[in-house]
Amino acid sequence: MSKSNFTRRGLMKTGAATGAGLAMPTIFTGAVWSAAHSGFTNAPQGDTVTFGFNVPQTGAYADEGLDELRAFELAVEHLNGQGDGGMLQTFSEKNLDGTGLLGKRVTFVSGDTQTNSDAARASARSMIEKDGAIMISGGSSSGVAIAVQGLCQDAGVIFMAGLTHSNDTTGKDRRANGFRHFFNTEMSGRALAPILEANYGKDRKAYHLTADYTWGWSQEKSMRTYTEALGWETVNTVLTPVGAGDFSSYITPVAQSGADVLVLNHYGGDMVNSLTQAVQFGLRSLQANGKDFTIVVPLYSELMARGAGANIKGIFGSQNWDWKIENVLGDRYTGTNAFVQSFGTKYGFPPSQAAQTCYAQAILYADAVTRAGSFNPCAVAEALEGFEFNGLGNGPTLYRAEDHQCFKDVVVVKGKENPENEFDLVEIVDITPRDTATYPVDHPDFQGGSLGTCNPGA
Amino acid sequence: MESIILQILTGLDKGSAYALIALGLTLIFGTLGVVNFAHGALFMIGAFCAVTLHRLLQFSHVVIDETQTDFLGNPRKIEVPYIYDWLGEPLGRAVIDWSVPLAILFAVPVMILIGVIMERGLIKHFYKRSHADQILVTFGLAIVLQEIIKAFYGANPIPMGAPSAFVGSFDFGVLVGFDVNSVIYPYWRLVYFGFSMVIIAAVFAFLQFTTFGMVVRAGMADRETVGLLGINIDKRFTIVFGIAAAVAGLAGVMYTPILSPNYNMGMDFLVLSFVVVVVGGMGSLPGAVLAGFLLGILQSFASMSVVVETIPGINQVVIYLVAMIILLVRPRGLMGRKGVMED
Chain A
1 MSKSNFTRRG
11 LMKTGAATGA
21 GLAMPTIFTG
31 AVWSAAHSGF
41 TNAPQGDTVT
51 FGFNVPQTGA
61 YADEGLDELR
71 AFELAVEHLN
81 GQGDGGMLQT
91 FSEKNLDGTG
101 LLGKRVTFVS
111 GDTQTNSDAA
121 RASARSMIEK
131 DGAIMISGGS
141 SSGVAIAVQG
151 LCQDAGVIFM
161 AGLTHSNDTT
171 GKDRRANGFR
181 HFFNTEMSGR
191 ALAPILEANY
201 GKDRKAYHLT
211 ADYTWGWSQE
221 KSMRTYTEAL
231 GWETVNTVLT
241 PVGAGDFSSY
251 ITPVAQSGAD
261 VLVLNHYGGD
271 MVNSLTQAVQ
281 FGLRSLQANG
291 KDFTIVVPLY
301 SELMARGAGA
311 NIKGIFGSQN
321 WDWKIENVLG
331 DRYTGTNAFV
341 QSFGTKYGFP
351 PSQAAQTCYA
361 QAILYADAVT
371 RAGSFNPCAV
381 AEALEGFEFN
391 GLGNGPTLYR
401 AEDHQCFKDV
411 VVVKGKENPE
421 NEFDLVEIVD
431 ITPRDTATYP
441 VDHPDFQGGS
451 LGTCNPGA
Chain B
1001 MESIILQILT
1011 GLDKGSAYAL
1021 IALGLTLIFG
1031 TLGVVNFAHG
1041 ALFMIGAFCA
1051 VTLHRLLQFS
1061 HVVIDETQTD
1071 FLGNPRKIEV
1081 PYIYDWLGEP
1091 LGRAVIDWSV
1101 PLAILFAVPV
1111 MILIGVIMER
1121 GLIKHFYKRS
1131 HADQILVTFG
1141 LAIVLQEIIK
1151 AFYGANPIPM
1161 GAPSAFVGSF
1171 DFGVLVGFDV
1181 NSVIYPYWRL
1191 VYFGFSMVII
1201 AAVFAFLQFT
1211 TFGMVVRAGM
1221 ADRETVGLLG
1231 INIDKRFTIV
1241 FGIAAAVAGL
1251 AGVMYTPILS
1261 PNYNMGMDFL
1271 VLSFVVVVVG
1281 GMGSLPGAVL
1291 AGFLLGILQS
1301 FASMSVVVET
1311 IPGINQVVIY
1321 LVAMIILLVR
1331 PRGLMGRKGV
1341 MED
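For the record, the sequence lines run as chains A and B. Terminal number for the first sequence in the numbering used here: 458, no gaps in between. Terminal number for the second sequence in the numbering used here: 1343, no gaps in between.
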């Protein structure tokens, strides 16, 4: 007769030890996963991750906002492996393979900023708190961008700014959780000054009409700095309300002011209206101080050119990007044609610079998540800081660690005299290289704030 | 001096719009006793009548031009309006070019119909309710109308051009002996001012010289007595509501080349037009017109840089300041009847 050594207690001990041993790898990797994927706001659960796109769908900047939303939708499609892949094919980093992000399918929610800081904050808050958005992107107004950037800092999510051009976004109001791909008014001033000097000389008198909020003030200051350095005199500066519609009472005093240049520090629908009315009141046919009166629009876009029609012809301005840039200036701007093909096929018209910057921001965020191996905003921020990349249409670009501002070439454009079609409204006249557009970290116009520390939230 | 003339001219076109909207508001308040906060929405709908006609005239079929390529390198699709096929390209282009003035013909019946439906369908149920109720219901109606327009036409301003014959500007300075280009004024704004004068004159002539107008004026003075004479004054007042809607609509149609139509444009004008009505005198038609032009010009002067530099922000509040002063000093307004709004 054989005797068994198994006892009930022994069996339970052995079972527990075996179970623990078998489970060890799972517990170990699970702990690592848990550490990387929890302890921050809206850590994704399940098989999806949600992006929040906060764009103006109404108000003076609605055209830009709707184009931003189109670009975001396209970016999400490409991240999930749908469509032709767009700029994922040309992007210098090859981490994004069309399978979503860290094994999760990307979804998105959108909100209307109404080009209003309070509405934008409410919309962003709702997307973070109710929809569980892991990041917020978008915006077509610096006032809105700064407000939402502050909210995202407090909430512990990354803010990938859309179209925001005020120096303050990455200057006095910069935040550790906020990143800007778009250029700024300092870069516009640096880019435009040599062109204005070459075309209009050093003896000019300028009258500024300025949108009365952070971007307008920043744009006016940069333009004054660089034009006054050329020798231009600033005759007058007048602040105008955003969305004024009828600018005639602001434009009529210009002709009697002694100025021979009108600088329109307006954007979107405001710029379309103010430029159209300036032309209606005959400013472009005036002679002042023995010179042809001229108009300058420091921040330009194809969408505004479309709205302004023939009034834009011959007017200089600056852009972050242009859909023709790869065809005109070659492979340095690779990614442009892939994006235009992808966007144009889906929507039937070429993308605006607002669309390009938002698409790039969505891709840059996704790439940073992949490189960091985590959705933790602080890991993502670390991956973006000092990141050098190419292939997103702007040429070689740096996300400077010290202020979270992208540095890249700036495009100087002019309203085309003889457009070949309804989209061929802007002519590229010059490129300001990245080195020239780059300003020191301690530039006086960017002082008064600090990034602070990254906030992961929960 | 040139600056002063220019500001007067600039104030005239804005004043024309205020006067036309305030005229309709006053007609409705004088006849029906209703404070119509949906009147700005009627101005906006008028503007969208112009947009609608412009789009209808541009309704197109696509022709593929193999000799040209689009931005993606594909054969270019060219949209050809059907009106070119029906009238020939030169005449078709001319009709599209003149779509804003032509929209007057389209807008008049549409606006009268909308006015009558509004009055019979909703507003008549609030005649015996308080002004607060009337304001709430008409304001709600304005928001509904705005959202309908937004749903169909989107939120963005839609640029509309004046006929090419009126593109450009008029050198008013040369006419009065100043330097060339010293007082430049766009042709279309002159057209708008002239148009508003014609409409205002037509409304006054209609009320003054027709039997219908005489009955309406009598009804405005003493509704009960007119009713006792066997006249159906309600029916006439409904027609007056339709006329007031048409006046606001026409103001909107012709304003489209000055300000690109958007769904919210009526609200901007509505508040100022109410101030105009109060300043002119509640129920006074000449008062509404006079105050419209006066406040338009005043607002224009307040926007002069020398004024804004002296008193920052004055251009935003000047109209309200004037209204406050008028209400304190002369509560019945500039041309209001004695006793009205004075208790």
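Everything labelled a hint here was simulated from the structure, so no lab data went into it. Note that the Cβ used here is the ideal one computed from N, Cα and C, for glycine as well. Incorrect hints may have been included.
In silico DSSO-like links for lysine-lysine, alpha-carbon gap of 30 Å or less [what the hints assert, rightly or not]: (1) B:Lys1235 / B:Lys1124; (2) A:Lys221 / A:Lys202; (3) A:Lys205 / A:Lys221; (4) A:Lys346 / B:Lys1338; (5) A:Lys104 / A:Lys130; (6) B:Lys1235 / B:Lys1128; (7) A:Lys346 / A:Lys205; (8) A:Lys221 / A:Lys416; (9) A:Lys313 / B:Lys1338; (10) B:Lys1077 / A:Lys416; (11) B:Lys1077 / A:Lys130; (12) B:Lys1124 / B:Lys1150; (13) A:Lys202 / A:Lys291; (14) A:Lys346 / B:Lys1124; (15) A:Lys414 / B:Lys1077; (16) A:Lys416 / A:Lys202; (17) A:Lys104 / A:Lys346; (18) B:Lys1338 / B:Lys1128.
DEER-style ranges, computed between Cβ atoms [to be verified]: (19) B:Ala1151 / A:Gln82: 20 to 30 Å; (20) B:Phe1059 / A:Tyr347: 50 to 60 Å; (21) A:Gly231 / B:Val1095: 46 to 56 Å.
Here are some of the chain A residues that sit facing chain B, going by a computed Cβ distance under 8 Å [to be verified]: (22) Asp63; (23) Leu230; (24) Ser248; (25) Ala255; (26) Gln280; (27) Leu286; (28) Asn289; (29) Gly290; (30) Gly307; (31) Gln341; (32) Gly344.
Status of each hint after checking the structure:
At roughly 11 Å between alpha-carbon atoms, Lys1235 (chain B) and Lys1124 (chain B) fall within 30 Å of each other, so this suggested pair holds. For the suggested pair Lys221 (chain A) and Lys202 (chain A), the alpha carbons sit about 18 Å apart, so the restraint of at most 30 Å is met. Simply put, Lys205 (chain A) and Lys221 (chain A) have alpha-carbon atoms about 16 Å apart, close enough for the 30 Å limit, and the pair holds. Distance restraint check for Lys346 (chain A) and Lys1338 (chain B): the Cα-Cα separation of roughly 66 Å exceeds the 30 Å cut-off, and the hinted pair is therefore not satisfied.
Between Lys104 (chain A) and Lys130 (chain A), the direct Cα distance comes to roughly 19 Å. Compliance with the 30 Å bound is thereby established for this hinted pair. For the proposed pair Lys1235 (chain B) and Lys1128 (chain B), the alpha carbon gap of about 17 Å is at most 30 Å, so the pair holds. Our distance criterion of 30 Å between C-alpha atoms is broken by Lys346 (chain A) and Lys205 (chain A), whose separation comes to about 46 Å. Between Lys221 (chain A) and Lys416 (chain A) the CA atoms are separated by roughly 27 Å; this keeps the pair inside 30 Å, and the hint holds.
For the proposed pair Lys313 (chain A) and Lys1338 (chain B), the alpha carbon gap of about 57 Å is over 30 Å, so the pair is violated. Taken as a hint, the Lys1077 (chain B) and Lys416 (chain A) pair is honoured in the structure, with Cα atoms around 22 Å apart against an allowance of 30 Å. Taking the CA atoms of Lys1077 (chain B) and Lys130 (chain A), the gap is about 44 Å. The hint is violated against a cut of 30 Å. Of the pairs offered as hints, the one joining Lys1124 (chain B) and Lys1150 (chain B) holds, with about 27 Å between alpha carbons and a cut-off of 30 Å not exceeded.
The suggested pairing of Lys202 (chain A) with Lys291 (chain A) holds, with an alpha-carbon distance near 12 Å, which does not exceed 30 Å. This hinted pair does not check out: Lys346 (chain A) and Lys1124 (chain B) have alpha carbons roughly 50 Å apart, beyond 30 Å. For the hint linking Lys414 (chain A) to Lys1077 (chain B), the alpha-carbon distance of about 26 Å falls within 30 Å, and the restraint holds. With a CA separation close to 24 Å, the supplied pair Lys416 (chain A) and Lys202 (chain A) stays within the 30 Å bound.
At roughly 24 Å between alpha-carbon atoms, Lys104 (chain A) and Lys346 (chain A) fall within 30 Å of each other, so this suggested pair holds. The suggested pairing of Lys1338 (chain B) with Lys1128 (chain B) holds, with an alpha-carbon distance near 24 Å, which does not exceed 30 Å. Restraint check, Ala1151 (chain B) to Gln82 (chain A): a C-beta distance of roughly 29 Å satisfies the suggested window 20 to 30 Å. In this structure the supplied range 50 to 60 Å is violated for Phe1059 (chain B) paired with Tyr347 (chain A), their Cβ-Cβ distance being about 22 Å.
Remark: the range hint 46 to 56 Å for Gly231 (chain A) to Val1095 (chain B) is upheld by a beta-carbon distance near 51 Å. Hint status for Asp63 (chain A) relative to chain B: holds, with the closest Cβ pair at about 6 Å, below 8 Å. For the restraint placing Leu230 (chain A) at the interface with chain B, the shortest Cβ-Cβ distance is roughly 24 Å, beyond the 8 Å limit, so the hint is violated. For Ser248 (chain A), the interface hint holds, the least distance from its beta-carbon to any beta-carbon of chain B being 5 Å, beneath 8 Å.
Proximity of Ala255 (chain A) to chain B holds as hinted, the smallest CB-CB distance being about 6 Å (cut-off 8 Å). Restraint check, Gln280 (chain A) versus chain B: the minimum CB separation of about 4 Å is within 8 Å; hint holds. Taking 8 Å as the C-beta contact cut-off toward chain B, the hint placing Leu286 (chain A) at the interface holds, the least distance being around 5 Å. The beta carbon of Asn289 (chain A) is not positioned within 8 Å of any beta carbon in chain B (closest approach about 13 Å), and the interface hint is therefore violated.
With its C-beta approaching chain B no nearer than about 13 Å, Gly290 (chain A) sits outside the 8 Å limit, and its interface hint is violated. About 6 Å separates the beta-carbon of Gly307 (chain A) from the nearest beta-carbon of chain B, less than 8 Å, and the hint is met. Restraint check, Gln341 (chain A) versus chain B: the minimum CB separation of about 6 Å is within 8 Å; hint holds. For Gly344 (chain A), the interface hint holds, since its Cβ comes within 8 Å of a Cβ in chain B; the closest pair sits about 5 Å apart.
In summary, the numbered hints that this structure violates are 4, 7, 9, 11, 14, 20, 23, 28, 29.
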